[in-house]
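**Student:** Single-letter residue listing:
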Amino acid sequence: MSQEYEVLCIRCPKGCRLRITVEGNAVHVVGFACLEGKRFGEEEVRNPRRIVTTTVRILNARYPRLPVRTAEPVPKDRIRDVIDALKGVVVETPVRRGQVIVKDVAGTGVDVIAERDMEAVG
Amino acid sequence: MAAAVKLAGKGYDVALIERKEELGGILDQCIHDGFGTKIFGKALSGPEFAGHFMDEASKLGLDVHLNTYVKSVNAGGDVKELVTVSPRGVERIKARSIVYAIGCRERHPFEIKVGGTRPAGIYTAGMVQRLVNLYGILPGKRVLIVGGGDVGMIVARHLYLEGVESITVVFPEEFFVGLPRNVQQCILDFNIPFRPRTVVKEIVGKERVEGVILVKVDENWRPIPSTEEFYPCDTVIFSVGLVPYAKKLRAIGAEIDPRTRGPVVNEFFESTVRGVFAAGNLVQIFDYVDDAVESAYIAADGVEKYLAGEGRLDNPVPFKPGSNVRTLTPHRLEWEDERPVVAFLRPAVEGRAWIIVRGGNGEILKKEFRQYVRPSTLERIEIPREAIDGAEEVYIDVAGV
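Protein sequences, first through last, are from chains A and B. Sequential numbering from 1 applies to the first sequence in the numbering used here. Sequential numbering from 1001 applies to the second sequence in the numbering used here.
It is worth saying that the hints were derived from the structure and are not from the lab. These figures come from a predicted structure and were not determined experimentally. We put the beta carbon where it would ideally sit given N, CA and C, even for glycine. Just so you know, not all the hints are guaranteed correct.
Said to hold, decoys possible - Some but not every residue of chain B turned toward chain A, in silico, with C-beta under 7 Å:
| hint | residue |
| --- | --- |
| 1 | ILE1031 |
| 2 | GLY1041 |
| 3 | LEU1161 |
| 4 | THR1168 |
| 5 | VAL1177 |
| 6 | GLN1184 |
| 7 | THR1327 |
What the hints assert, rightly or not - Cut-off 27 Å, straight-line C-alpha distance, at most; resulting in silico cross-link-like pairs (BS3-like, lysine-lysine):
| hint | chain 1 | residue 1 | chain 2 | residue 2 |
| --- | --- | --- | --- | --- |
| 8 | B | LYS1367 | A | LYS76 |
| 9 | B | LYS1206 | A | LYS14 |
| 10 | B | LYS1141 | A | LYS14 |
| 11 | B | LYS1206 | A | LYS103 |
| 12 | B | LYS1216 | B | LYS1141 |
| 13 | A | LYS38 | B | LYS1305 |
| 14 | A | LYS14 | B | LYS1366 |
| 15 | A | LYS76 | B | LYS1038 |
| 16 | B | LYS1366 | A | LYS76 |
| 17 | A | LYS38 | B | LYS1206 |
| 18 | B | LYS1206 | B | LYS1216 |
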């Protein structure tokens, strides 16, 4: 049984439309203009990953939300889990850029870090 | 910030004036990643990118005036005078040179001729980004996004991830006009529905948006009769382009380019008012924050030359957009210098192309090949001074292959 995917290559501004067929362990990519694109297509169906950015609640800060992101890309199908895992999180000021807010978020092995400093106000 | 940090690093006495309560401009609400790939070689988020420059500013002990509004500027003479208003009251600041870096504004529904009512529930994309990312407030439950550029796509992804029930993106073009990576990461990754060749004809609703009337358009963006359709939604978000906020520069007598809608500048981003420089999205809309920062560094070099009283060319060399070029900076060459000229141009065509720099008589001064150009991506080209030596005027063309 084979599965077909269509993705846009994000390696360069050209943005080739790749059509990818997966049959068992074999991955077949067409529509690329260079080898980078072929490689991207293969990775994109085997193990697509993305950085997830969102916000968490923060107390006593200038704004009620602190922007955070995953320190590394997480598997694409875990994006929703990461967002859900951050729903109840509340942090206290002060926070430093790069500080770990949640360790090993949703069991992905990736930490969630603060994107900025946030001082206590008021 | 970039210009201030560069000049302060060289020992100049720099004051940085900011209307908001913190530095960093719009980057505080751009929490997505993808900033700084050219400067830092990795994809940072907006706040992280801004944070880098804030750290530099505080290390250098920059004289920062927050919550400060510049009420008026007298830029005519050698000593320029600014009148500022802040919680400290009205103050006067004297400076020998000024760099404006006041960015751009969003185009709004009135600029794209949307009919109907104006109830609650109509936003620009930037406003929504601010509400969601800084205040944690979602604008509505059923959202229509107007515009297929990068900002619209990024807002669509955020709203989707933060739990908005229904999102549709409409735009008059045949396909999204933003970067392909955003089409993939923001729209296709989450199967967010979109309708190309579609525009909003009217907004419907009395107190709150109840829906819109969508209409299909042809390739010239003309509405196709009897294709109107009512689309129910409670929120309409306009993401229909950015315009340099050039009003303040016009007020001090700087010439404005009708193409970029920013100031006319020379190769060091100096406006037509001597000693007054411009950087970033105030000059033109940069697609990469890294390029905006580069413009600030070049402006800082210009300030240095201006303060040192370095020589200007007897006959400035005009730079003009040639064929298939929508916008071009700089507008002229005005200084004696050794460094290459950095030009930014917006192509009018898409595909493989040569960027050709030529003189007034058609002689080719430099050409560079590009694998792929598109109108939505600003191209950057460095032109060595030797190449343009002796030219009376310079044209830049984009020639499709």
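**Student:** Against each hint, give a clear statement of whether it holds in the structure.
**Tutor:** Now the hints, each set against the structure:
no.: 1; hint: ILE1031; in the structure: 4 Å, holds
no.: 2; hint: GLY1041; in the structure: 15 Å, violated
no.: 3; hint: LEU1161; in the structure: 5 Å, holds
no.: 4; hint: THR1168; in the structure: 20 Å, violated
no.: 5; hint: VAL1177; in the structure: 11 Å, violated
no.: 6; hint: GLN1184; in the structure: 4 Å, holds
no.: 7; hint: THR1327; in the structure: 18 Å, violated
no.: 8; hint: B:LYS1367 with A:LYS76; in the structure: 41 Å, violated
no.: 9; hint: B:LYS1206 with A:LYS14; in the structure: 44 Å, violated
no.: 10; hint: B:LYS1141 with A:LYS14; in the structure: 35 Å, violated
no.: 11; hint: B:LYS1206 with A:LYS103; in the structure: 48 Å, violated
no.: 12; hint: B:LYS1216 with B:LYS1141; in the structure: 24 Å, holds
no.: 13; hint: A:LYS38 with B:LYS1305; in the structure: 48 Å, violated
no.: 14; hint: A:LYS14 with B:LYS1366; in the structure: 24 Å, holds
no.: 15; hint: A:LYS76 with B:LYS1038; in the structure: 25 Å, holds
no.: 16; hint: B:LYS1366 with A:LYS76; in the structure: 44 Å, violated
no.: 17; hint: A:LYS38 with B:LYS1206; in the structure: 52 Å, violated
no.: 18; hint: B:LYS1206 with B:LYS1216; in the structure: 24 Å, holds
This entry does not satisfy hints 2, 4, 5, 7, 8, 9, 10, 11, 13, 16 and 17, going by the numbered hints stated previously.
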